[in-house]
Amino acid sequence: MNRRRFIPLAGIAAGAGYVSWKSRQEPHISNGPPGNSAVTVIRAASYQEDLAAKIYEGVRSCGLKVKGQRVLLKPNLVEFDSATVINTDAAVIAAALEVFRKLGAADVRIGEGPGHRRDTYDLADDAAYRKTIPRFEDLFVDLNRDDVTPVRGFAGERQMYFPNTVLAADLIVSLAKMKTHHWAGATLSMKNLFGLVPGSVYGWPKNKLHYIGIPESILALNRTFRNTFAIVDGIVGMEGNGPIQGTPKHAGVLVMGSDLVAVDATCCRIMGIDPQKIEYMQLCAELGHLHEARIDQRGESLRGLRTDFKLIEDFSLLRLA
Amino acid sequence: MAHSVTEADLDSRLDFLKRTQNADGGWGYFAGKQSWMEPTAYAILALKGSPHSDEAIRRAWKLAQSWQMPDGGWQPGSQVRESTWVAALGVIVASCLGCLDVAGPKTVPWLLSTKGQESRWAVRLASYVHLLKTDVNVTHSGWPWRPGNSSWIEPTALTVVALKRSLLWKSDHHVNARIRDGEELILSRRGRDGGWNSGNPSVLKYDVPSYPETTALALIGLQGRGNENLSEPLSAAEKLYGQCKSSLAKAWLTIALRSYGVAAPESVKVPGTPDILLYALQALGHPSGNYRFLGPGSPS
Numbered sequence: 001m002n003r004r005r006f007i008p009l010a011g012i013a014a015g016a017g018y019v020s021w022k023s024r025q026e027p028h029i030s031n032g033p034p035g036n037s038a039v040t041v042i043r044a045a046s047y048q049e050d051l052a053a054k055i056y057e058g059v060r061s062c063g064l065k066v067k068g069q070r071v072l073l074k075p076n077l078v079e080f081d082s083a084t085v086i087n088t089d090a091a092v093i094a095a096a097l098e099v100f101r102k103l104g105a106a107d108v109r110i111g112e113g114p115g116h117r118r119d120t121y122d123l124a125d126d127a128a129y130r131k132t133i134p135r136f137e138d139l140f141v142d143l144n145r146d147d148v149t150p151v152r153g154f155a156g157e158r159q160m161y162f163p164n165t166v167l168a169a170d171l172i173v174s175l176a177k178m179k180t181h182h183w184a185g186a187t188l189s190m191k192n193l194f195g196l197v198p199g200s201v202y203g204w205p206k207n208k209l210h211y212i213g214i215p216e217s218i219l220a221l222n223r224t225f226r227n228t229f230a231i232v233d234g235i236v237g238m239e240g241n242g243p244i245q246g247t248p249k250h251a252g253v254l255v256m257g258s259d260l261v262a263v264d265a266t267c268c269r270i271m272g273i274d275p276q277k278i279e280y281m282q283l284c285a286e287l288g289h290l291h292e293a294r295i296d297q298r299g300e301s302l303r304g305l306r307t308d309f310k311l312i313e314d315f316s317l318l319r320l321a
Numbered sequence: 322m323a324h325s326v327t328e329a330d331l332d333s334r335l336d337f338l339k340r341t342q343n344a345d346g347g348w349g350y351f352a353g354k355q356s357w358m359e360p361t362a363y364a365i366l367a368l369k370g371s372p373h374s375d376e377a378i379r380r381a382w383k384l385a386q387s388w389q390m391p392d393g394g395w396q397p398g399s400q401v402r403e404s405t406w407v408a409a410l411g412v413i414v415a416s417c418l419g420c421l422d423v424a425g426p427k428t429v430p431w432l433l434s435t436k437g438q439e440s441r442w443a444v445r446l447a448s449y450v451h452l453l454k455t456d457v458n459v460t461h462s463g464w465p466w467r468p469g470n471s472s473w474i475e476p477t478a479l480t481v482v483a484l485k486r487s488l489l490w491k492s493d494h495h496v497n498a499r500i501r502d503g504e505e506l507i508l509s510r511r512g513r514d515g516g517w518n519s520g521n522p523s524v525l526k527y528d529v530p531s532y533p534e535t536t537a538l539a540l541i542g543l544q545g546r547g548n549e550n551l552s553e554p555l556s557a558a559e560k561l562y563g564q565c566k567s568s569l570a571k572a573w574l575t576i577a578l579r580s581y582g583v584a585a586p587e588s589v590k591v592p593g594t595p596d597i598l599l600y601a602l603q604a605l606g607h608p609s610g611n612y613r614f615l616g617p618g619s620p621s
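Chains as they are written, first to last, in the numbering used here: chain A, 1 to 321; chain B, 322 to 621.
Since the hints were made in silico from the structure, they are not lab data.
Even for Gly, the Cβ is constructed at its ideal location relative to N, Cα and C.
Check before you lean on any hint, since a few could be wrong.
[As the list claims (entries may be wrong)] Derived lysine-lysine pairs resembling DSSO-like cross-links, with alpha carbons at most 27 Å apart:
no., chain 1, residue 1, chain 2, residue 2
1, B, LYS427, B, LYS369
2, B, LYS436, A, LYS131
3, A, LYS102, A, LYS67
4, B, LYS526, A, LYS310
[As the list claims (entries may be wrong)] Chain A is nowhere near these chain B residues, computed Cβ spacing over 12 Å in every case:
no., residue
5, VAL529
6, VAL583
7, GLY616
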C-alpha cells in the first residue's frame, strides 16, 4: 500500500474508531437549572374519585399561580378506541378545568392536534370529552386546523408555525397519559407537546418532527414553550407496545409539577423505567431536573408506588435497576 | 344522529358553504376562521355546477391562485409562505374549472420534482444492506406532506389524482411514470387487514391497523388502474365504514366507494361543528354530488 492510499484509509479507520469510542461513553447529562423542582404525586385509585380535589391539592402543593392567566389544557387525544386507555381520561380534563377556573384563571381552553387522525372533534366525542365537559364545543380548539403564526428559531429551522391559540396562552397545561412509546421509550408530559404542531402545515403525521429528530423536537418544543405545567394521568396508563397498541396498566397516581423534566422523570421511576436512559430526557435535562436528588417529592413518597410497566424488547434496557 | 340521504342534505351543505365564504373569497377550516387552501379547494369542488355559485367559485379561485408560489408549489394558506402537499389540490381544482393552462405549466413540474426522502439513493442503499430499520418498501417514489419529508398515503393519493387529471391537459411520459410509481407505492403500503393507515403497515414488526380516511384516499388515488383487482381493499373500506366513528372519515369513504360504483351507505350525520371540510366532503359524496372530481377524469 502506498502513502497516497494509506492516509485516507487511516483517516477513515480513525474516524470510525472515534465514533465507536464515543458511542460507548456514558452521555453527559446536564445538572439542569439551579435549585430543586417540586413534583407532587397524588394517589387516585380510579376515575370515579374526587379528582378535582386531588388536582387542586397537587397544583397548590407545587405553588402554581394562575390568577388572571389564559390557560390552555392540552390533553393527549390520539385514537378512536374508547375501550382502552390511549387518551387522557375525560374525568381528568374535566377536573383540571374546574381547578384552573377555581384558581382564578381568566380563560381556560382545551386544545389538541392529534398526530394521525384528522377528525379531532369526533375523536374527542368518542373519548367522552363532549359528554363529560360542559359546553365542550365552546372551549375546544382543534390545534391541527387553527389559524397559525410563524415562530423563529425552532431546532435550527428558519421558522416553525404554531396555532394562535397556543401562542396566546399564558400557561400550557400538559395533561398527558402515562404510556410506553415504541419510538421514544415513554411518552409523558414533554412528548405530549407534539400535539401543539399544526397538521394543516406539517401533515398527519407531523413528519417534519421526525426529520428534526424525536428527541430534538421534544427539546425544541419544551424550549419554545416554557410557561408550562404538567398533570400526568397515571391512574390507568399503558404498558407494552404503546402509545396506541399497548395494554392498560393501573398505576393509581396523578403526577404534577411545573418542571416537566422532573415530572416525567418521576413518572418513569414509577413505571420502572430509568429516565436517564431515555434519549430525549437526557437532552431535556438542561431545562429541568432529571436527577432524583434535585426533585422535591411532595404528596406520596415514591417508595411503594413503583409498578413496572412492560417494555417491548427494543426498550428492555431502559428498565430501572 | 344519522338519517337517510335526501336531496335536501346536498342543498343544506352547499347553502352552508355559500353562507360561510370569507370576504377574501376563501374558506377557513371552521366558519369564521382565516382562509386555507384545503377547505377552499374542497368547497370549490363541492359547489361547482350548483345553482348560483359561479360568483362564489370565481372569488375563491382568484384567492387560491394567489397562493401559487414562484416555485410552482402552492402555500396552504395566507399565513404560510411555503409550498406543501396542497399543490395537488391546486391542480385538481384547476382541472375541474378548466383552468389547467393556468396551474399546470408550473405546478405539474413542481409535483414531478417533489419526492419522498425515502426514495433517495442513500436511503435505498442503506435499506438494501439492512443498515436502515424500516418496514416499508423504499423502491417507489411517492409524495410527502412537505418537500424534504417522507412519502405518506394522503399526499401521494391526492398527487396521483392531480397528475392523472393533468394528462387531460397534456400527455407526458414523465407524468405517466410518476403516476405508476405513486400507485405502486400505495399498493406496497397496504396493511394485512386490506386497508391503509397513514403510511406504515407495520412498526417494529407489529402490524398497524388501517384507518378509514387513508383507506378511502388510497382507493381514490388508485382509480383508473384498469384490471387491478381492488376487491379486498374495497371490502376493507366497507368494513371500516361500519366500524368508523369519524364523520370526516365516513365522508371520505363514501366518496371512495361511490367512485368505484359500490353502493355507499345512504345515511349521513349532521355535522356537530361548523367544519367546512366535513360539509364540503359530505356534499361531494352525495349521490348527486361531484365525487367524480376526485377521480382521474375523462377527456371531454
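Here is how each hint holds up against the structure:
| no. | hint | result |
| --- | --- | --- |
| 1 | B:LYS427 x B:LYS369 | holds (24 Å) |
| 2 | B:LYS436 x A:LYS131 | violated (43 Å) |
| 3 | A:LYS102 x A:LYS67 | holds (9 Å) |
| 4 | B:LYS526 x A:LYS310 | holds (17 Å) |
| 5 | VAL529 | violated (8 Å) |
| 6 | VAL583 | holds (22 Å) |
| 7 | GLY616 | holds (21 Å) |
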